[in-house]
Amino acid sequence: MKSSIVPSLLFLLLGLIYTTATLLLPEASVGRPFEPKIFPLTLGIAMILLSLGLMARELKTEEGESSSENVPFYKEAGFSKILLTCLFSLVYALVFDKLGYVLSTMLFLEAELLIFNGKENWKINTIVSLAFSLFIYIVFSKLLGVYLPMTPVIWI
Amino acid sequence: MDTLQFLFDGFLVALTPMNLMWVTLGGFLGTIIGMLPGLGPATGVAVLLPLTFSMGPTAALITMGGVYYGAMFGGSRASILINTPGDGAAVAATFDGYPMTLQGRAESALAISAIASFIGGIFATFCMVAIAIPVARFALKFGPAEYFMLFLFALSATASMTEGNRLRGFLATILGLMISTIGIDGQSGVVRFTFGVLELQSGIDFLIVIIAVYALGEVFKSFNNIHTGKTNVQKKFGKIWITREEWRKSVWPILRSAPLGFFVGALPGAGGTMASLMSYNNEKQLSKHPEEFGEGAIEGLAAPESANNAASVGAMIPMLTLGIPGSGTTAVMMGALLLLGLQPGPMLFQQQPLIIWGLIASMFIGNIILAVMNIPLAGLLVRVLSVPPKILYPIVLGLSFVGAYAISYSIMDFYLLIIFGLAGFLMSKAKIPSTPMILAVIVGNNMEQSFRRAYKISDGSLGIFVGSPICIILIALTVISIAYPVFKGIVDKKKKSSSPA
Numbered sequence: 071m072k073s074s075i076v077p078s079l080l081f082l083l084l085g086l087i088y089t090t091a092t093l094l095l096p097e098a099s100v101g102r103p104f105e106p107k108i109f110p111l112t113l114g115i116a117m118i119l120l121s122l123g124l125m126a127r128e129l130k131t132e133e134g135e136s137s138s139e140n141v142p143f144y145k146e147a148g149f150s151k152i153l154l155t156c157l158f159s160l161v162y163a164l165v166f167d168k169l170g171y172v173l174s175t176m177l178f179l180e181a182e183l184l185i186f187n188g189k190e191n192w193k194i195n196t197i198v199s200l201a202f203s204l205f206i207y208i209v210f211s212k213l214l215g216v217y218l219p220m221t222p223v224i225w226i
Numbered sequence: 070m071d072t073l074q075f076l077f078d079g080f081l082v083a084l085t086p087m088n089l090m091w092v093t094l095g096g097f098l099g100t101i102i103g104m105l106p107g108l109g110p111a112t113g114v115a116v117l118l119p120l121t122f123s124m125g126p127t128a129a130l131i132t133m134g135g136v137y138y139g140a141m142f143g144g145s146r147a148s149i150l151i152n153t154p155g156d157g158a159a160v161a162a163t164f165d166g167y168p169m170t171l172q173g174r175a176e177s178a179l180a181i182s183a184i185a186s187f188i189g190g191i192f193a194t195f196c197m198v199a200i201a202i203p204v205a206r207f208a209l210k211f212g213p214a215e216y217f218m219l220f221l222f223a224l225s226a227t228a229s230m231t232e233g234n235r236l237r238g239f240l241a242t243i244l245g246l247m248i249s250t251i252g253i254d255g256q257s258g259v260v261r262f263t264f265g266v267l268e269l270q271s272g273i274d275f276l277i278v279i280i281a282v283y284a285l286g287e288v289f290k291s292f293n294n295i296h297t298g299k300t301n302v303q304k305k306f307g308k309i310w311i312t313r314e315e316w317r318k319s320v321w322p323i324l325r326s327a328p329l330g331f332f333v334g335a336l337p338g339a340g341g342t343m344a345s346l347m348s349y350n351n352e353k354q355l356s357k358h359p360e361e362f363g364e365g366a367i368e369g370l371a372a373p374e375s376a377n378n379a380a381s382v383g384a385m386i387p388m389l390t391l392g393i394p395g396s397g398t399t400a401v402m403m404g405a406l407l408l409l410g411l412q413p414g415p416m417l418f419q420q421q422p423l424i425i426w427g428l429i430a431s432m433f434i435g436n437i438i439l440a441v442m443n444i445p446l447a448g449l450l451v452r453v454l455s456v457p458p459k460i461l462y463p464i465v466l467g468l469s470f471v472g473a474y475a476i477s478y479s480i481m482d483f484y485l486l487i488i489f490g491l492a493g494f495l496m497s498k499a500k501i502p503s504t505p506m507i508l509a510v511i512v513g514n515n516m517e518q519s520f521r522r523a524y525k526i527s528d529g530s531l532g533i534f535v536g537s538p539i540c541i542i543l544i545a546l547t548v549i550s551i552a553y554p555v556f557k558g559i560v561d562k563k564k565k566s567s568s569p570a
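Protein chains in written order, with the working numbering: chain A, 71 to 226; chain B, 70 to 570.
No wet-lab data here; the hints were simulated from the structure. Any given hint might turn out to be false.
To be verified - Partial list, derived from the structure: chain A residues whose beta carbon lies under 7 Å from chain B:
| hint | residue |
| --- | --- |
| 1 | L79 |
| 2 | F81 |
| 3 | Y88 |
| 4 | A91 |
| 5 | P96 |
| 6 | P106 |
| 7 | I152 |
| 8 | S159 |
| 9 | E180 |
| 10 | E190 |
| 11 | W192 |
| 12 | L214 |
Claimed, not checked - The calculated label-pair distances, taken between Cβ atoms and stated as ranges, are:
| hint | chain 1 | residue 1 | chain 2 | residue 2 | range |
| --- | --- | --- | --- | --- | --- |
| 13 | A | G188 | B | Q421 | 49 to 59 Å |
| 14 | A | L153 | B | S537 | 49 to 59 Å |
| 15 | A | L154 | B | P359 | 21 to 31 Å |
| 16 | B | S537 | A | L122 | 30 to 40 Å |
| 17 | B | G448 | A | I194 | 16 to 26 Å |
| 18 | B | G448 | A | L200 | 26 to 36 Å |
| 19 | A | P142 | B | N152 | 50 to 60 Å |
| 20 | B | S566 | A | I194 | 53 to 63 Å |
| 21 | B | S477 | A | L86 | 47 to 57 Å |
| 22 | B | N152 | A | P96 | 52 to 62 Å |
| 23 | B | G558 | A | L153 | 51 to 61 Å |
| 24 | A | L80 | B | S477 | 49 to 59 Å |
| 25 | A | P142 | B | S566 | 30 to 40 Å |
| 26 | A | K212 | B | H358 | 56 to 66 Å |
Because the structure is a prediction, the values reported are computed rather than measured. The beta-carbon is built from N, C-alpha and C at its ideal position, and this holds for glycine as well.
Use the sequences and the hints to build the structure in full.
Take a look at the structure:
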């Protein structure tokens, strides 16, 4: 199987799921019962047709034209860093409210700078992450009036 | 005349010290973001959006306008000096700008790019003053059916203008529209596509999608091409100005490219990238020395810079007068307007003229401030280019999360940010363009609502969508926008096969 049809397969799957979900929607109690379904149903069908069209085109184009020079994205050097960034972001989201903005952001940036800038530059990394989180906290929370969660105990 | 009176009032608003400060600050920060490889005006506005949350609508718009122009100026700095365009619109500036730097003519390149951008921007702002009110008046004639057809035309034009595969452009559009249908349906109260997640009932905020795709997605892409070594940026400059001879060469290309850029920018879906490339090719064809293009011809830098800035102003017209963003950046600005509780469109001109004209006046002022900032201070500003991206990208990540949080104070948005950021990265790997999706996410809800309203008015008959001359013209335009590229592709193929190279 050619790897170039994977995106169109995913879109086809999405189109099918979306269309099914549309048909399963409850009827509206006001107005025409099927009215909330018209627009989504059109979208679902359009996506199924377009993804089939894309698949047909990918199958027709000759092998090698697109895939010869391309390394699959998950084998590229940066991909593990992307996954790490997602992981750090998840942790960031989990601790954001509990640790407060300054502390959680400092940890998140420290971790990100570790990926980007390397551990040998830990001094710069620490200065940057501390300065950034404090600066943003002061600007947003104190000057712009945007609420950011406070870090317990130290009250900033 | 009303227009002049409005414009005058607008200047009174834009020239208050606070607003002057905001446009300068926005321009400065925008320049820094625009200089980062891969990050352009759309990212700049998206990431700096939270700055404006506590401002009034006028100040917010003016600040974002400053960020917009700043990021464009910054993008061309990076194109000229280190050959890394911030976004598609700055690509044309590398063709001749970078060779000029290599030849030791960076001073002229920086100066002409600022001058050309300035002239292009000012020219386009004058055009905007002239046509904004007539367009808005005309748009008042639109009913829901006309609006629906207009959305349809704008989206299909955007999708079919995507470079490469148009099918992918349309798929991205549908995906964006699907995202916009998540949540409670405003007219019937039916909960759609939330899959039981309570937080999704109010829908997915398009600003989250925008920040995710334009900030997180772009940073993810940069992981693979971050330079490990230090980039050598020229930091010492002579006098940043151009010679009389260089001015003579560039003045006509600049003046020719400004109207072209404005016109292309105002079309839905075309935008700065197409405008700058078109003007570059134009000038190359008109030139007596086309062989100099690509080897450091100053007019090859001046023309796209002028067109690019003119296009960025032109793109504001459909956004402000019709509520239809024509480019990624105007989509972000429209998102911000909606967040402030303002619905862009003809009614905005009637109800809030000061906001609109304050913004238009600040375009004049912003262009002047940025030109002033960029010519004498260029040497200082490019020092930012020597701050390693390795440090700036994590900061962009940090700013994205603050921005996402400040929109609705919900951690749920962090998860959405990660999901859509990853999706944006995967889409780019599958060569699926993100801009059509972003536009669709923003207009999707209005599009469905106008469809439903028209459908109600006509009591369930679809005839209303072909019931007025405006509708029929829009349908014709939609068909042309889809058919023309297909037709052109076939003709090109025939030409190729009949005359083998």
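Here is what the structure says about each hint:
no., hint, result
1, L79, "violated (11 Å)"
2, F81, "holds (6 Å)"
3, Y88, "holds (6 Å)"
4, A91, "holds (6 Å)"
5, P96, "holds (6 Å)"
6, P106, "holds (5 Å)"
7, I152, "holds (5 Å)"
8, S159, "holds (5 Å)"
9, E180, "violated (9 Å)"
10, E190, "violated (12 Å)"
11, W192, "violated (13 Å)"
12, L214, "holds (4 Å)"
13, G188(A) x Q421(B): 49 to 59 Å, "holds (50 Å)"
14, L153(A) x S537(B): 49 to 59 Å, "holds (53 Å)"
15, L154(A) x P359(B): 21 to 31 Å, "violated (48 Å)"
16, S537(B) x L122(A): 30 to 40 Å, "holds (34 Å)"
17, G448(B) x I194(A): 16 to 26 Å, "holds (24 Å)"
18, G448(B) x L200(A): 26 to 36 Å, "holds (30 Å)"
19, P142(A) x N152(B): 50 to 60 Å, "violated (28 Å)"
20, S566(B) x I194(A): 53 to 63 Å, "holds (58 Å)"
21, S477(B) x L86(A): 47 to 57 Å, "violated (31 Å)"
22, N152(B) x P96(A): 52 to 62 Å, "holds (56 Å)"
23, G558(B) x L153(A): 51 to 61 Å, "violated (38 Å)"
24, L80(A) x S477(B): 49 to 59 Å, "violated (29 Å)"
25, P142(A) x S566(B): 30 to 40 Å, "holds (33 Å)"
26, K212(A) x H358(B): 56 to 66 Å, "holds (58 Å)"
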